[in-house]
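Asks: With the hints as extra help, turn the sequences into a complete structure.
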Amino acid sequence: MIENPYIPDLATINEIIVETPTIKTFRVTLNDPSRMEAFRFEPGQVGQLSVFGVGEATFVINSPPTRRDFLQFSVMKAGEVTTAIHELAVGDQLGVRAPLGNYFPYESMKGKKIVFIGGGIGLAPLRTLILFMLDNRADYGPITIIYGARTHNDYCYKEELKEWGERKDVELILTVDAGSPGAPIREGFVPTVLNEVAPKPEETIAITCGPPIMIKFVLQNLVKLGFGEKEIITTLEARMKCGIGLCGRCNIGSHFICKDGPVFSLAQLNSWNYEI
Amino acid sequence: MKREAGFIPKDGWNAFLASLAKRFNLYVPCREGETILFQPYHAESVICLDRPAASAPKGVIFPQSETLFSFELKKKAEDPRKVDVELKSEGAPQDTAIVALRPCDARGFSILDPVYMDVDPYYRSRREKTTIITLACPNPYPGCFCTSVESSPADKSGSDVLVTELDNGYFLEAVTEKGRTILDDNAIQDGAGYKEEAEGRQKAAHDRVKKAFSGGKKVKISQERLLSDEFWEETTAKCLSCGACTYLCPTCYCFNITDEQTVNRGERIRSWDSCMFPHFTLETSGHNPRTKKAQRFKQRVGHKFVYYPEQYGDLGCSGCGRCIRFCPISMEISKVVAKLSEEGEGSTKDAAEGARS
Amino acid sequence: MNRERLKEAVAEILPGVDAVIAYGQGFDAAHGEPCFVTKKEELEGLILNPLCEHNLASYLPSRKNKKTGVVVKGCDSRTIVQFLQEGLVKRENLVIIGVPCTGVVSAKKLARALDHQTVEEVRFEGETVIARTPRGEKRIALADVSPDKCRTCRYPTPLIYDVLVGEPIESDKDPAAVYDDVRELMGKSLEERKAYWEKEIGRCTRCYACRNACPLCVCQDSCIAETRDPHWQSQRSNLSEKMMFHFIHAIHLAGRCTECGECERACPMDIPLGKLKKKINMDMLDLFDYVPGIVCEDKPPLYTFKVEEKKIEEHEL
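Chains as they are written, first to last, in this note's numbering: chain Y, 2 to 277; chain X, 68 to 424; chain E, 3 to 319.
One or more hints might be untrue.
Said to hold, decoys possible - Pairs of lysine-lysine, DSSO-like flavour, derived with a Cα cap of 27 angstroms:
#1 X:Lys359 with E:Lys111
#2 X:Lys360 with Y:Lys217
#3 X:Lys359 with E:Lys140
#4 X:Lys359 with Y:Lys217
#5 E:Lys92 with X:Lys402
#6 E:Lys69 with E:Lys41
#7 X:Lys359 with E:Lys301
#8 E:Lys42 with X:Lys360
#9 X:Lys277 with E:Lys140
#10 E:Lys151 with E:Lys175
#11 E:Lys111 with X:Lys277
#12 E:Lys281 with E:Lys313
#13 Y:Lys260 with X:Lys284
#14 Y:Lys25 with X:Lys141
#15 Y:Lys111 with Y:Lys163
#16 X:Lys262 with X:Lys245
#17 E:Lys201 with X:Lys402
#18 E:Lys201 with X:Lys89
#19 E:Lys301 with E:Lys313
#20 Y:Lys169 with Y:Lys114
#21 Y:Lys159 with Y:Lys217
#22 X:Lys360 with E:Lys66
#23 E:Lys151 with E:Lys68
#24 X:Lys360 with E:Lys175
#25 Y:Lys25 with X:Lys143
#26 X:Lys359 with E:Lys69
#27 Y:Lys25 with X:Lys402
#28 X:Lys359 with E:Lys92
What the hints assert, rightly or not - FRET-style restraints, in silico, Cβ to Cβ:
#29 X:Ser156 with E:Asn51: 50 to 60 angstroms
#30 E:Cys221 with X:Ser156: 27 to 37 angstroms
#31 E:Arg153 with X:Glu377: 49 to 59 angstroms
#32 E:Ser64 with Y:Asp33: 49 to 59 angstroms
#33 X:Lys143 with E:Asn67: 16 to 26 angstroms
#34 Y:Glu16 with X:Glu145: 49 to 59 angstroms
#35 Y:Asn274 with E:Glu43: 25 to 35 angstroms
#36 Y:Asn5 with E:Ala197: 33 to 43 angstroms
#37 E:Ser224 with Y:Asn5: 31 to 41 angstroms
#38 Y:Pro6 with X:Thr243: 38 to 48 angstroms
#39 X:Gln161 with E:Trp234: 46 to 56 angstroms
Bear in mind the hints are in silico, worked out from the structure with no lab data behind them. Ideal Cβ positions, reconstructed from N, Cα and C, are used throughout, including at glycine.
Replies: So, in structure tokens, the structure goes:
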């Protein structure tokens, strides 16, 4: 009898952090302690969260595999399922089908300089890899994080941003689309700030995630800055249902965003003529 | 030793079906008004073998809607504001048989197998419990193009038994071990003596099927045309996005998963969906990567003739022609593939203009 | 039906529009198909004969602001009138070529009459269809293979057009006969009707071809059969879900359905969907003296209300 990939694990919410007016972070543990203990995943992999009676939606596993006390998911309230998730409280149960998809090719990033470019909730998948790299600090070169949101109230992981800003081995550049009086943050759209920071492409990997329009311009600017297609990594989103490459929705040609992604290099996207 | 070939005289056919019905949940092509469709067998069934059924019997193994699991929400005794969730999986399928489907229908199952067998326990358990007894076609029907995809009116792939109609009876060939078990029946005569006649009929039928495009499984799709927006816009101008093609198709397998709940219990069900519907890929943000019917039809044709072959090494279409026969605006997938394939002469622009005819 | 005159008319309007929607030869000799003409060279491929079953007006709302020419029969022109009543198309974007028609062939009925044989050739001589299959030639009366709507057609001449290709034709059909088949069904007992519809709708595969082919179906992505907000219907494939979808669809078309028959034509399971819509139209005629798709300036009755409705008895306040 083969394993049933459609049945989620039951999990309980341990903690909820309100990041912004529309984004909440949920820390959950699987109800079955042996499954929680045995749960393994790679940075970048995703999970389908179920609210029974409403449906499922896909979120990156936000916590790194080096910290497995709980599984973290950040959820932006947008549609039916995310609204239902936002209405859950600590102690409530939901379903988790994870890990799904591929992961950041961190092995090939060892010894290199890393530039993270994120916008809004796009910081969620980047956080997984950032923490993973910080937990394996010696394996990676200097880390630069460029992160922007509409206003500073829309930043996710405000506590961690503070920690990363204080580290000597991480360069953190924060920006906002529109500045607010009194807040000492740089103003400018993320792609523009990227051009201003102008990271050098030599021995550097660039990883970006955020709203599609931001990713589009960031990719263009990275290419102009001299980054190779294989050194530019991003994550894609689509309407997903099965999460295992069967239901036919999320494919780009013969590749499924749920199964062969969501992590892709620009080289892959270009070879498939995919336009963001 | 189990027989490889059997024979049933014309007047023994009904008894054969009745005896199968004792051992299996039997599905047969029944006539209802002017429509032929697969329905569970019962003694009063009006069985029609004149022409293929309107829809493929795909739903017997891959149901139109099925419960993946049910859930029940129970309030916790110690804190009624909290609920416990209980999940239950459905029971096992019974022994089933489908009789008198056509080779293109059976081939449809062999196209679905590599997708689902090793991943999907629901499909797998039904497939393992189903015996497929296929009826070879004596001639092509409007729209048929099975030989273009290297299938044939007597293709055995996906079948357990292949039945060929002769003047005075039916010739049965065992294709698999399950098939041999079916032929292991005292009511079925030895068929060895009819083999030659049957093969003659099969070949004659094969030769009558017109080729829509050449290259068979290796049909070379022009990358330039596949990626040409103009080609797809011209091709799909007349498409209504009605979706009938996908629901009748023996190889379409896109599905939806929805939760259906009443008060404190419910089910998560899988149901057929169609890549031809505008909202198939609609995201919560409002963005839709396939908002135009040109993009959706490109996905349908691309899936069957490019993406599925890249993943599984075979064409994802069995050439049954139903989508052509039932399309309200005569969209011909076989013609589109012919235009897409590198044998289509001229530039992409010419092909795009030709696509409108 | 004069093909040469049609070609002339299309050639004349072609320069002024983005495309002309006309008829071409379908996938075999027994089918026509819609054809989007943008170049003079394509005129040769046009057909104009009883294979021209399709309602080409269906494409008009999605053409948006593109100037479009379209070939319509009488029944199709009612769809355009209904579009204008509801503001779904702009008159100034349309160039309408009207074709007076005495009846078309239902491809499904023709296939039945020919025992579903492969059709090699189809010719028309007056009111006779001559079809050749591997079994030989067969002569069939056009009236025997026409869609039901042709038998009771009251508008053989298009009600709206810029160019008329052919002489106007007067209807010789009894207007009361339009709903004869509905009255026959209504004459049966409730149990008989329930059994009838359960059998017919039982074949439905929820493919939504009827809905998507319907020119007047406007809910698009918000169709009640599939939305989750409000969540009226599940995706289960069972009889009650199918009945609910079909009845709601018919009610959404109350006072709007022009009986063009596309729903029945598109249905791969031969479900007599037209009867549901005709029943409601019959009631609308009775209640509001209203026939959809006739006068451009009309408004469908369910779009408006009168404080005192002539035929609806209200309780005294």
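Asks: It remains to establish, for every hint, whether it holds in the given structure.
Replies: Hint by hint, here is what the structure shows:
1. Straight-line distance between C-alpha atoms of X:Lys359 and E:Lys111 comes to about 33 angstroms, which puts the hinted pair past the 27 angstroms bound.
2. Among the hinted pairs, X:Lys360 with Y:Lys217 is consistent with the structure: their alpha-carbon atoms are about 24 angstroms apart, no more than 27 angstroms.
3. Among the hinted pairs, X:Lys359 with E:Lys140 is inconsistent with the structure: their alpha-carbon atoms are about 43 angstroms apart, more than 27 angstroms.
4. Of the supplied pair hints, the one linking X:Lys359 and Y:Lys217 holds, its CA atoms being roughly 21 angstroms apart against a limit of 27 angstroms.
5. Under the criterion of a C-alpha separation no larger than 27 angstroms, the hint pairing E:Lys92 with X:Lys402 is inconsistent with the structure, at around 35 angstroms.
6. A threshold of 27 angstroms between alpha carbons decides the hint, and for E:Lys69 with E:Lys41 the separation of about 15 angstroms falls inside it, so the pair holds.
7. A C-alpha spacing of about 31 angstroms is found between X:Lys359 and E:Lys301, which places the hinted pair above 27 angstroms, so the restraint is violated.
8. For a cut-off of 27 angstroms, the pair hint linking E:Lys42 to X:Lys360 stands: about 26 angstroms separates their Cα positions.
9. Between X:Lys277 and E:Lys140 the alpha-carbon distance is near 24 angstroms, which keeps this suggested pair within the 27 angstroms criterion.
10. Straight-line distance between C-alpha atoms of E:Lys151 and E:Lys175 comes to about 11 angstroms, which keeps the hinted pair within the 27 angstroms bound.
11. This hinted pair checks out: E:Lys111 and X:Lys277 have alpha carbons roughly 25 angstroms apart, not beyond 27 angstroms.
12. Distance restraint check for E:Lys281 and E:Lys313: the Cα-Cα separation of roughly 17 angstroms lies within the 27 angstroms cut-off, and the hinted pair is therefore satisfied.
13. About 26 angstroms separates the Cα atoms of Y:Lys260 and X:Lys284, which keeps this hinted pair within 27 angstroms; it holds.
14. At roughly 26 angstroms between alpha-carbon atoms, Y:Lys25 and X:Lys141 fall within 27 angstroms of each other, so this suggested pair holds.
15. Proximity of Y:Lys111 to Y:Lys163 is assessed by CA-CA distance (about 25 angstroms); at most 27 angstroms being required, the pair is judged to hold.
16. Taking the CA atoms of X:Lys262 and X:Lys245, the gap is about 20 angstroms. The hint holds against a cut of 27 angstroms.
17. For the proposed pair E:Lys201 and X:Lys402, the alpha carbon gap of about 36 angstroms is over 27 angstroms, so the pair is violated.
18. Proposed proximity of E:Lys201 and X:Lys89 is supported: the alpha carbons are some 26 angstroms apart, at most 27 angstroms.
19. A distance of roughly 18 angstroms separates the Cα atoms of E:Lys301 and E:Lys313; the hinted pair therefore holds under the 27 angstroms criterion.
20. Restraint check: the Cα-Cα separation between Y:Lys169 and Y:Lys114 comes to about 15 angstroms, which is no more than 27 angstroms; the hinted pair holds.
21. With a C-alpha separation of about 26 angstroms, the suggested pairing of Y:Lys159 with Y:Lys217 holds against the 27 angstroms cut-off.
22. For the suggested pair X:Lys360 and E:Lys66, the alpha carbons sit about 15 angstroms apart, so the restraint of at most 27 angstroms is met.
23. For a cut-off of 27 angstroms, the pair hint linking E:Lys151 to E:Lys68 is broken: about 31 angstroms separates their Cα positions.
24. Annotation: proposed proximity of X:Lys360 to E:Lys175 is violated, straight-line Cα distance about 40 angstroms (limit 27 angstroms).
25. Between the alpha carbons of Y:Lys25 and X:Lys143 the distance comes to roughly 25 angstroms, so the proposed pair stays at or under 27 angstroms and holds.
26. About 19 angstroms separates the Cα atoms of X:Lys359 and E:Lys69, which keeps this hinted pair within 27 angstroms; it holds.
27. Simply put, Y:Lys25 and X:Lys402 have alpha-carbon atoms about 52 angstroms apart, too far for the 27 angstroms limit, and the pair is violated.
28. With a C-alpha separation of about 22 angstroms, the suggested pairing of X:Lys359 with E:Lys92 holds against the 27 angstroms cut-off.
29. At roughly 57 angstroms, the beta-carbon separation of X:Ser156 and E:Asn51 lies within the given 50 to 60 angstroms, and the hint holds.
30. A hinted range of 27 to 37 angstroms holds for the C-beta pair E:Cys221 and X:Ser156, which are about 35 angstroms apart.
31. Roughly 52 angstroms separates the CB atoms of E:Arg153 and X:Glu377, a value that falls within the hinted 49 to 59 angstroms.
32. Under the hint 49 to 59 angstroms, the C-beta atoms of E:Ser64 and Y:Asp33, about 51 angstroms apart, fit the expected range.
33. Taking the beta carbon of each, X:Lys143 and E:Asn67 are about 59 angstroms apart, not inside 16 to 26 angstroms as hinted.
34. Between Y:Glu16 and X:Glu145 the beta carbon distance is about 20 angstroms. The supplied range of 49 to 59 angstroms is therefore violated.
35. Range check, Y:Asn274 to E:Glu43: about 31 angstroms between beta-carbon atoms, so the 25 to 35 angstroms window is met.
36. With their beta carbons about 40 angstroms apart, Y:Asn5 and E:Ala197 fall inside the hinted range of 33 to 43 angstroms.
37. With their beta carbons about 33 angstroms apart, E:Ser224 and Y:Asn5 fall inside the hinted range of 31 to 41 angstroms.
38. In this structure the supplied range 38 to 48 angstroms is violated for Y:Pro6 paired with X:Thr243, their Cβ-Cβ distance being about 27 angstroms.
39. Checked against the hint of 46 to 56 angstroms, the C-beta distance between X:Gln161 and E:Trp234 comes to roughly 33 angstroms, which is inconsistent with it.
In this structure, the earlier hints numbered 1, 3, 5, 7, 17, 23, 24, 27, 33, 34, 38 and 39 are contradicted, and the remaining ones agree with it.
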